[in-house]
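There are 2 protein chains.
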Amino acid sequence: MSDPEQELGITESKEHATGDWYAEVVQKAELADYAPMGGFIVTRPRGYEVWERLQSYLDGWFKDTGVRNAYFPMFIPENYLEREKEVVEGFDPEVAWVTHGGYDELEERLAVRPTSESIIAPYMSQWVRSHRDLPLRLNQWCSVVRWEATETKPFFRTKEFLWQEGHTAHHDHEEARQETLLRLDQYERLYEEVLAMPVLRGRKPPHDKFPGAHTTTTVEALMPDGKSVQGATSHNLGTSFAEAFDIEYVDEDEDTHLAHTCSWGVSWRALGALIMTHSDDQGLVLPPTVAPTQVVVVPIWGAENKESVVGYATELAEDLEAAGVRVKLDDRENRNPGFKFNEWELKGIPLRIEVGPNEVEDGEVTLVHRPDGESLPVDRAGAVKAVEEHLDTVYGKLYARAEETLEGEIREAESREEILGTIGQHGGYVKCGWCGDPACEEPIKEPVAADIVMVPLDRDAEPIHDECAICGADAGETAYFAKSY
Amino acid sequence: MSDPEQELGITESKEHATGDWYAEVVQKAELADYAPMGGFIVTRPRGYEVWERLQSYLDGWFKDTGVRNAYFPMFIPENYLEREKEVVEGFDPEVAWVTHGGYDELEERLAVRPTSESIIAPYMSQWVRSHRDLPLRLNQWCSVVRWEATETKPFFRTKEFLWQEGHTAHHDHEEARQETLLRLDQYERLYEEVLAMPVLRGRKPPHDKFPGAHTTTTVEALMPDGKSVQGATSHNLGTSFAEAFDIEYVDEDEDTHLAHTCSWGVSWRALGALIMTHSDDQGLVLPPTVAPTQVVVVPIWGAENKESVVGYATELAEDLEAAGVRVKLDDRENRNPGFKFNEWELKGIPLRIEVGPNEVEDGEVTLVHRPDGESLPVDRAGAVKAVEEHLDTVYGKLYARAEETLEGEIREAESREEILGTIGQHGGYVKCGWCGDPACEEPIKEPVAADIVMVPLDRDAEPIHDECAICGADAGETAYFAKSY
Numbered sequence: 120m121s122d123p124e125q126e127l128g129i130t131e132s133k134e135h136a137t138g139d140w141y142a143e144v145v146q147k148a149e150l151a152d153y154a155p156m157g158g159f160i161v162t163r164p165r166g167y168e169v170w171e172r173l174q175s176y177l178d179g180w181f182k183d184t185g186v187r188n189a190y191f192p193m194f195i196p197e198n199y200l201e202r203e204k205e206v207v208e209g210f211d212p213e214v215a216w217v218t219h220g221g222y223d224e225l226e227e228r229l230a231v232r233p234t235s236e237s238i239i240a241p242y243m244s245q246w247v248r249s250h251r252d253l254p255l256r257l258n259q260w261c262s263v264v265r266w267e268a269t270e271t272k273p274f275f276r277t278k279e280f281l282w283q284e285g286h287t288a289h290h291d292h293e294e295a296r297q298e299t300l301l302r303l304d305q306y307e308r309l310y311e312e313v314l315a316m317p318v319l320r321g322r323k324p325p326h327d328k329f330p331g332a333h334t335t336t337t338v339e340a341l342m343p344d345g346k347s348v349q350g351a352t353s354h355n356l357g358t359s360f361a362e363a364f365d366i367e368y369v370d371e372d373e374d375t376h377l378a379h380t381c382s383w384g385v386s387w388r389a390l391g392a393l394i395m396t397h398s399d400d401q402g403l404v405l406p407p408t409v410a411p412t413q414v415v416v417v418p419i420w421g422a423e424n425k426e427s428v429v430g431y432a433t434e435l436a437e438d439l440e441a442a443g444v445r446v447k448l449d450d451r452e453n454r455n456p457g458f459k460f461n462e463w464e465l466k467g468i469p470l471r472i473e474v475g476p477n478e479v480e481d482g483e484v485t486l487v488h489r490p491d492g493e494s495l496p497v498d499r500a501g502a503v504k505a506v507e508e509h510l511d512t513v514y515g516k517l518y519a520r521a522e523e524t525l526e527g528e529i530r531e532a533e534s535r536e537e538i539l540g541t542i543g544q545h546g547g548y549v550k551c552g553w554c555g556d557p558a559c560e561e562p563i564k565e566p567v568a569a570d571i572v573m574v575p576l577d578r579d580a581e582p583i584h585d586e587c588a589i590c591g592a593d594a595g596e597t598a599y600f601a602k603s604y
Numbered sequence: 120m121s122d123p124e125q126e127l128g129i130t131e132s133k134e135h136a137t138g139d140w141y142a143e144v145v146q147k148a149e150l151a152d153y154a155p156m157g158g159f160i161v162t163r164p165r166g167y168e169v170w171e172r173l174q175s176y177l178d179g180w181f182k183d184t185g186v187r188n189a190y191f192p193m194f195i196p197e198n199y200l201e202r203e204k205e206v207v208e209g210f211d212p213e214v215a216w217v218t219h220g221g222y223d224e225l226e227e228r229l230a231v232r233p234t235s236e237s238i239i240a241p242y243m244s245q246w247v248r249s250h251r252d253l254p255l256r257l258n259q260w261c262s263v264v265r266w267e268a269t270e271t272k273p274f275f276r277t278k279e280f281l282w283q284e285g286h287t288a289h290h291d292h293e294e295a296r297q298e299t300l301l302r303l304d305q306y307e308r309l310y311e312e313v314l315a316m317p318v319l320r321g322r323k324p325p326h327d328k329f330p331g332a333h334t335t336t337t338v339e340a341l342m343p344d345g346k347s348v349q350g351a352t353s354h355n356l357g358t359s360f361a362e363a364f365d366i367e368y369v370d371e372d373e374d375t376h377l378a379h380t381c382s383w384g385v386s387w388r389a390l391g392a393l394i395m396t397h398s399d400d401q402g403l404v405l406p407p408t409v410a411p412t413q414v415v416v417v418p419i420w421g422a423e424n425k426e427s428v429v430g431y432a433t434e435l436a437e438d439l440e441a442a443g444v445r446v447k448l449d450d451r452e453n454r455n456p457g458f459k460f461n462e463w464e465l466k467g468i469p470l471r472i473e474v475g476p477n478e479v480e481d482g483e484v485t486l487v488h489r490p491d492g493e494s495l496p497v498d499r500a501g502a503v504k505a506v507e508e509h510l511d512t513v514y515g516k517l518y519a520r521a522e523e524t525l526e527g528e529i530r531e532a533e534s535r536e537e538i539l540g541t542i543g544q545h546g547g548y549v550k551c552g553w554c555g556d557p558a559c560e561e562p563i564k565e566p567v568a569a570d571i572v573m574v575p576l577d578r579d580a581e582p583i584h585d586e587c588a589i590c591g592a593d594a595g596e597t598a599y600f601a602k603s604y
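Chain order of the listed sequences is E and D. For what it's worth, my numbering labels the leading residue of the first sequence as 120, then goes sequentially. For what it's worth, my numbering labels the leading residue of the second sequence as 120, then goes sequentially.
Check before you lean on any hint, since a few could be wrong.
Note that identical chains are pooled: a pair holds if it fits in a single copy or bridges any two copies.
Below are the EDC-like pairs computed for lysine to aspartate or glutamate, each with C-alpha atoms no more than 20 Å apart in a straight line [what the hints assert, rightly or not]:
no.: 1; residue 1: K602; residue 2: E293
no.: 2; residue 1: K447; residue 2: D252
no.: 3; residue 1: K182; residue 2: E171
no.: 4; residue 1: K346; residue 2: E565
no.: 5; residue 1: K182; residue 2: E437
no.: 6; residue 1: K504; residue 2: E528
no.: 7; residue 1: K182; residue 2: E149
no.: 8; residue 1: K328; residue 2: D491
no.: 9; residue 1: K147; residue 2: E373
no.: 10; residue 1: K147; residue 2: D252
no.: 11; residue 1: K182; residue 2: E440
no.: 12; residue 1: K147; residue 2: D400
no.: 13; residue 1: K133; residue 2: E523
no.: 14; residue 1: K459; residue 2: E493
no.: 15; residue 1: K425; residue 2: E371
no.: 16; residue 1: K447; residue 2: D183
no.: 17; residue 1: K133; residue 2: D344
no.: 18; residue 1: K133; residue 2: D399
no.: 19; residue 1: K602; residue 2: E493
no.: 20; residue 1: K147; residue 2: E586
no.: 21; residue 1: K447; residue 2: E426
no.: 22; residue 1: K328; residue 2: D556
no.: 23; residue 1: K425; residue 2: E367
no.: 24; residue 1: K459; residue 2: D252
Everything labelled a hint here was simulated from the structure, so no lab data went into it.
Work out the full structure, taking the sequences as your base and the hints as a guide.
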């Protein structure tokens with residue numbers, strides 16, 4: 120007999136064909152589809168709801184810490200971007216250009232925003248007058264477009280992507296430094312407390328900062344193929360944008376000062392990293408924090424006990440819903456239990472509850488954890504409380520597994536050969552002493568396409584080795600090399 | 120002594136210069152600023168937060184009624200729009216065209232979405248197979264661009280605007296009809312229960328439907344200058360999009376049918392209508408439902424009683440906050456109470472609480488309603504409950520005032536001359552018998568720029584007069600003429 124669920128299931132292997140497997144999970148779990156134009160995707164309700172839950176956490180934290188949402192135009196006049204290019208070395212984004220409106224050619228081309236510093240900064244300049252206007256903290260949730268020619272990988276690499284971009288102005292360097300770290304803390308918290316992913320915190324080496332930034336900080340996450348993903352960035356822009364766009368304030372003594380500005384953002388790439396980290400060859404795995412449905416109740420009945428089994432399952436689902444659990448009852452007639460199990464595993468529901476005649480008779484229900492299939496009976500009487508606890512257990516399992524992987528993938532090296540060999544053989548992170556010269560990145564970058572993805576944040580920390588692993592000069596800091604997305 | 124608040128206040132008159140007054144309120148209440156490109160605005164936090172609250176109500180109602188959010192690309196290939204133009208008579212939007220990506224010219228131009236039927240319908244076609252896949256209800260919150268050359272009026276007329284667009288597919292005409300009315304009900308509820316504005320429900324005359332629609336329904340709101348605003352629309356698209364984009368399903372008997380589709384949307388024009396309806400010559404007036412801050416507590420102290428007055432005010436603000444009221448304590452040292460009153464009136468805080476030494480002594484607080492300045496003392500002990508009640512009272516006052524205005528602005532007419540005279544003299548709505556021929560709109564449209572903004576929904580209702588007011592033929596229905604935005 121043909122088994123219909125086989126066609127629905129994942130056919131690629133996470134271990135052996137990570138890219139193909141990822142693309143298959145995204146499509147078959149109905150998170151996203153490819154758009155007709157290369158580089159674009161359609162985010163389906165199952166994918167968008169995960170983004171909404173991520174947004175809801177982060178937006179709440181932002182608002183609790185003085186941030187207010189706003190909305191700036193999606194277009195930026197060419198001369199605004201030019202102004203930014205003149206003052207910010209290295210800023211030359213590839214953008215989508217609007218040249219015609221209706222049937223007419225525009226007098227000036229408009230860029231679809233690749234990021235909004237250049238259109239937000241002039242308004243900050245108008246809105247900031249006195250020291251009382253600072254700090255000014257703005258954020259917008261929007262989509263941006265970067266016309267980079269790359270193979271489309273849903274959520275990871277798309278020409279249009281959803282993100283939030285925070286833009287803040289401050290009195291002085293210290294306040295801007297604290298803001299940068301506060302947002303980095305919130306991103307770290309997002310990964311660790313919401314997405315069940317440990318991350319490494321650090322700053323980008325000076326040659327890899329955001330153009331114009333004083334400091335770029337990052338949280339980096341390890342993917343199963345051994346590459347690092349930049350999970351979110353928080354930039355201390357110093358006074359470069361304030362100088363370019365005249366963001367000045369008058370202090371209590373009537374003296375005029377340049378403001379210090381920051382920007383910080385996380386994109387839907389976080390969804391890509393989430394999907395890739397936890398999912399497996401059965402399909403999507405999501406932590407209960409962001410899963411659209413947290414629990415599926417599957418009644419398993421025969422002709423002789425249908426009423427009692429379905430009734431028992433329905434009442435359980437109602438109790439869970441009343442307790443605030445996002446629960447679905449799958450009592451479809453036209454699908455057998457095996458099909459249902461496979462479907463909800465594919466679609467990433469964290470906890471399955473099986474209810475059959477034995478469970479009804481014994482006053483129990485059977486819980487099954489999505490990540491590892493662990494199955495165990497619990498009393499019906501305490502089922503709601505047990506479900507809440509087991510959702511936490513599932514979260515903990517996902518986090519622990521990702522943490523164990525990460526810890527095993529950070530290695531040390533003391534020479535160029537050792538770095539190359541270790542990255543070539545294992546991937547992951549290699550940490551080593553570094554003199555701080557960007558030239559020392561090249562002998563690693565060229566042969567294995569790995570570079571310095573971050574340097575630990577604390578500048579006063581002792582480097583792990585006294586000497587730069589590449590040139591042998593005095594090492595001022597520790598560099599983390601990795602291949603990256 | 121010069122009075123600094125005079126410069127901050129509104130200088131234009133709502134009655135005598137409605138347009139200028141509106142623009143001044145929007146800017147001085149810090150809701151929005153003009154962007155550097157004509158037709159675009161920057162939505163500031165005070166404005167965006169009102170939009171977020173509107174979103175939160177509506178999004179909740181949508182989700183409670185089976186709608187799921189998604190996100191489709193902001194660009195639509197030219198051939199997709201062409202396909203829509205071929206099948207949908209009258210569809211020829213003026214759009215912004217992206218012609219270059221990075222340094223290269225694109226092979227095919229991309230339109231920045233003016234609305235998304237043409238990119239969503241092809242996916243509906245893929246996602247709908249069986250009758251079990253219906254109804255399919257999608258929504259997205261996004262921005263759209265329409266390159267119409269008009270004078271910019273923040274929120275009312277902008278080339279880019281924020282909105283939500285719902286797109287649904289159904290089994291048959293009846294289900295699509297019910298969906299259309301369900302969304303119209305939700306829009307009516309938004310206006311009446313959230314924005315404190317009564318609206319008229321109806322359908323657009325056939326010659327003014329959305330291109331390709333079977334029926335376009337609308338809620339219309341009256342503005343203080345006597346013009347009507349289309350507050351939201353809900354379209355039953357019949358099978359025209361399903362035919363053009365092959366949205367078909369197989370029923371239980373294995374027969375194939377065309378789906379019926381709907382689309383429905385409300386834009387930030389609702390904010391414009393809200394601001395224009397309730398605000399006055401002192402500035403912004405907002406209902407407590409959407410006001411970012413609902414209550415401001417202003418302590419009024421002298422040197423000898425500062426500690427007790429500010430302490431009393433602070434404790435009150437804390438109690439209100441604990442009860443879930445959005446409250447602000449204005450204990451600034453460098454502003455006098457008169458300045459503070461004017462500032463918060465300008466910025467539209469619905470309820471002010473004044474606390475001076477007399478209030479402290481008497482164990483009272485003084486509440487002042489923003490809409491009409493009504494001032495009354497309440498016991499401190501019951502202040503939290505009183506504030507909650509008075510917020511409802513303020514809402515009621517706003518609604519009642521708008522309702523009274525609307526009722527006085529609906530007039531009847533029995534001839535062309537009477538319609539022209541009434542609209543010319545009073546503005547507002549004129550209802551009359553109508554034969555249903557679009558030609559009968561012209562003799563009104565030309566001289567006074569008024570047209571049929573809606574026809575009451577119930578097709579079986581008796582027309583108010585037996586004869587068409589313009590041509591004298593049998594009147595099949597009642598038309599509402601008005602000038603409109």
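Each hint tested on the structure:
no. : hint          : result
1   : K602 <-> E293 : neither (33 Å within a copy, 57 Å between copies)
2   : K447 <-> D252 : between (49 Å within a copy, 17 Å between copies)
3   : K182 <-> E171 : both (16 Å within a copy, 13 Å between copies)
4   : K346 <-> E565 : within (16 Å within a copy, 68 Å between copies)
5   : K182 <-> E437 : between (33 Å within a copy, 18 Å between copies)
6   : K504 <-> E528 : neither (37 Å within a copy, 59 Å between copies)
7   : K182 <-> E149 : between (31 Å within a copy, 19 Å between copies)
8   : K328 <-> D491 : neither (40 Å within a copy, 55 Å between copies)
9   : K147 <-> E373 : neither (62 Å within a copy, 25 Å between copies)
10  : K147 <-> D252 : between (50 Å within a copy, 16 Å between copies)
11  : K182 <-> E440 : between (28 Å within a copy, 16 Å between copies)
12  : K147 <-> D400 : within (12 Å within a copy, 57 Å between copies)
13  : K133 <-> E523 : within (18 Å within a copy, 66 Å between copies)
14  : K459 <-> E493 : within (17 Å within a copy, 62 Å between copies)
15  : K425 <-> E371 : neither (77 Å within a copy, 24 Å between copies)
16  : K447 <-> D183 : between (32 Å within a copy, 15 Å between copies)
17  : K133 <-> D344 : within (9 Å within a copy, 64 Å between copies)
18  : K133 <-> D399 : within (6 Å within a copy, 63 Å between copies)
19  : K602 <-> E493 : neither (34 Å within a copy, 67 Å between copies)
20  : K147 <-> E586 : neither (50 Å within a copy, 60 Å between copies)
21  : K447 <-> E426 : within (18 Å within a copy, 56 Å between copies)
22  : K328 <-> D556 : within (14 Å within a copy, 66 Å between copies)
23  : K425 <-> E367 : neither (73 Å within a copy, 34 Å between copies)
24  : K459 <-> D252 : between (57 Å within a copy, 17 Å between copies)
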